[in-house]
Amino acid sequence: MRTTFSPILASLANVFRIPLSQTVTRPAATAALGRFNGNSNSNSTTNAAAGSSSSTRQFSTTSAMLKRHRGPTIDRRITMIRYFLHHPLTPRPLRFSRTRFLRHWTIHRAWHLYRAQQRRAHQVELERQWHAMRAACEELRTGAGDGGKLFRKSMIKTGVFRDLFPIEYARLQTEGPPAEGWNHEWRRR
Amino acid sequence: MAHCERASKPLLQCLQKTYTKGLPGLQLQSTRAFQTTALAREEVQTEIKSQPFHKAPDPALVSSPRLERKLLRQGVSPIGSRRRRVALQDSLNIPFEQLPYQCFQEARKVLLADREEKLRDITSMREKISRLEALTTEQAGGEQVKKSKLRAMELHLEHLKIQADINDPLVKKKFEDGQGDMSKPIYRYLADRKWREYRRKILVQRITQMKVVPDVVPHCDPILDTKLYFARRQIQPGEFVDSKASFEAPKLDVQMFEGGEKLVTIAVVDPDVPNVEKDGFDFNMHYMAVNVPISAINTKVDLAQLSTESQVIFPWAPPVAQKGSPYHRLSLIIFEQRDSQPLDFAAIKAQETTRENLLARTLETRYKLKPIGAFLFRTQWDDSMYEVMKTIGYPDAEIELRRKRDEKLPYKRRNTARMRG
Amino acid sequence: MAVSESSRYLTRSLSRALVPSARPATLCWRRNASDQASSRSPSADLSELESTSISSTSTAEDVVKSYDPVSKARGRKTKLPRSRYQFRSPKYYRGPLHPHQPPPPSDPSSRLYVPGPFSLPRVEQTWQSTVASDILTLLYVHNPPGFKPPVKAPRLRDWDDTSPYHKNRNLRGPRGGDVLRLLRKPIDFNNIPHLERITIHSYVNMATENSSWLHAAGIAVQAISNVRVQTYKSKTGVPKWGIVPGRGTVACKAELHGENMLHFFGKLVDIVLPRIKDWQGIKGSSGDSSGNITFGLEPEAVALFPEIEVNYDMYPPKMIPGCHITIHTSARTDKDARLLLSALGMPFYGKIVD
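Protein chains in written order, with our numbering: chain D, 1 to 189; chain L, 1 to 421; chain V, 1 to 354.
No lab work stands behind these hints, which were simulated from the structure alone.
Honestly, I wouldn't trust all of these hints.
[What the hints assert, rightly or not] Quick partial rundown of chain L residues pointing at chain V, CB under 10 Å, derived from the structure:
| hint | residue |
| --- | --- |
| 1 | R82 |
| 2 | R83 |
| 3 | Q98 |
| 4 | T123 |
| 5 | E143 |
| 6 | K146 |
| 7 | L157 |
| 8 | D168 |
| 9 | P185 |
[As the list claims (entries may be wrong)] Residues from chain D that keep clear of chain V, each with C-beta distances beyond 12 Å, as calculated:
| hint | residue |
| --- | --- |
| 10 | R134 |
| 11 | D146 |
| 12 | G181 |
Ideal placement from N, C-alpha and C gives every residue a C-beta, glycine not left out.
Could you build the full structure based on these sequences and the hints that come with them?
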């Protein structure tokens, strides 16, 4: 039989109203559990009534006065939201051994280097596109032989900011749309 | 191991020059002192293969307290933590770069590819520089243009050298273990970064908070990591130093973070000598030496041992503070000499005759110096100060300075009618 | 024994050796550390690099097979002895001069360390592969070589010196208003607009009566954004709701950057917005005229987020908050920002106002 609980476990149990023990235990342990359970356990109430009633009272969540007056009942979901919102336990800082830290550091540096190379490649690609566009427009302006009419038409930007992109264009990319939309043969195995 | 040998080469040359006899086995031993632990362990293992472990325990593997104590009695301290030693006992001893972790190996490949690229950049940049140098001034477009171009290319080359090595985990490990070879740009760069992270901030805070910077020199941007030792004890910047300890000249550890060598002038100035007639404070030069060579690998400067014929203008005068006088800020300034050209020692010796009221600012303008390093310690009256004063023959040793009582202003009745509320 | 003796021997001899002789004997130093780079060859440069680099030898096959640290650690009869002191990041930052300094956030021992990234968000991929070059093409304005744009008058005007009091006065504001708007540069390959950050802000007017409203709103925002929320007090009073400025905490806000932001945007565009009934899009007049677009979501729309939808029962239904979502882009004007958002799947409706 388990008699001691970690404070985290106990507070979790308190929030979810899980009775910590179903068996009759020693009076001291039951009194302690009664604090956690808020007198929901019948054993603990009887024990507390027999023993130190006042000490149990002041720790219980529903006191006799409240019960009588029918005060505002708090939604259990709110209690749980509050519990998780204010939970103090955050992940501890990691502890690595020397070589493990160095390995981690190597990977970290390599990853950043790789990302920088990718960014740089993307930037260079955009720059190349821009210069190609510039050369093409210059050719259209001077070498098309229509006095630059086509070029002037292509430079009209009025619709761009008014019509924006069509919504059909704006679809976040996936690996590719499947040939048929649904796999009807799939069954759970 | 090639770099270790290269690092120790100048050291050995010096040793051979000064002490040719009496050190027969020094070359071998000193090279070994630079080695890493792994190699030392291999040697030990080959030596003692015949003996059982408990007879000749290995300092890298010993784990039982009894054997550790035995080793300590022999004067060998075990290497690393006990946890590390126990873990090493049954490890495969795979070298760090070959550890079979997939992500790590992939990362290594990326880093290696990058390093290859950087090496190619370095070679091409060096070729570019030599091509530019081969050009005449007219071809390069003028003296100034060529100079600035060369300067920029040199800087870029230095940057590339650092970038080639900065992603190497073993470089990081060696630097953290203090085994970095300061003749290499990467370790100088790492050391500079570490110094600027904390120690330089402290130094700058002390010299600005205690007003060394406007009082002694008008401006100082420290680029040298300076450590000061009195009788082997390191002094923190701005610490109070016992007068008995500061009787002897201090030793300096001046770490430079640039390549090459510099000639510096070292001056210790006390701007807080009380002057009763003037009702103010005077300056006093406690030490001055010129033409002191420092470089990234030659860091130790013993102020007592510099040569009196060619370097020391004023030998060390122990700092004194009369009883009742406020604390004295002994500020040590390291000046860079222009273009690292040696100053004329005899002329300076002839010109600077008195220590009293010789200002650091005067030196700066007279000899075209530039402050590149600073340090500060303080002195006040303590128990041994009287003996120090007697020993150096300080004239006013018995005098105790008293702060003058401020004269009270004449009492005047307040005109309460004028005050409201 | 031999090792220690040699080192002691070395230190003693070194201390003697480092005593300089009468002349400043620096010849032997000078040769190794010289500043004169003019007579250098590339091999000299390469020799300055660290030679014990991560070598390119690969691991042997059998070593890879036999290497299993986990089972080795499990198979150990006794635990390893405790480790020595390890660095521990301070809980609170005590200034730059304190000796106990926290490591940079990229260090795993830092308290701010966040592992990852573990994913390549689709929004990022779409932007990189398609959207960026399309916007670049769409907004390309050709200037012939040698073209110089006409010089514009300075936006801050001088005072005409009609009054002696104009002397030393600050410059006059721009024409037509006091606000100095951001300048728009022509879009080229360097400044294609992209998402910078997203702010989710939720004002809960019932929070003055009962804090549970704010708590529920906070945890809902936290759930959809994956970011810890900040709470704020009201700056202005609303008598109808009984809100007094600076009194009660009435709002919560989450700021999303990087991976969190991109995933949130993807969820918004793919899952939430298409399922809102009769939603026309973002209003065309939205925006703060410096490239940040704001729109609001009703509580029913917030409930459509998959994180809330999967355990909808755990939130009191009337307490699920509505929120304002501000999308900060790197565009300098609203029209560029709108173009970017429409390329990423945000519809706009109504009259477009710039």
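Verification of the supplied hints:
no.	hint	in the structure
1	R82	5 Å, holds
2	R83	5 Å, holds
3	Q98	4 Å, holds
4	T123	4 Å, holds
5	E143	15 Å, violated
6	K146	12 Å, violated
7	L157	7 Å, holds
8	D168	5 Å, holds
9	P185	6 Å, holds
10	R134	7 Å, violated
11	D146	16 Å, holds
12	G181	16 Å, holds
The structure fails hints 5, 6, 10 (numbered hints given earlier, in ascending order).
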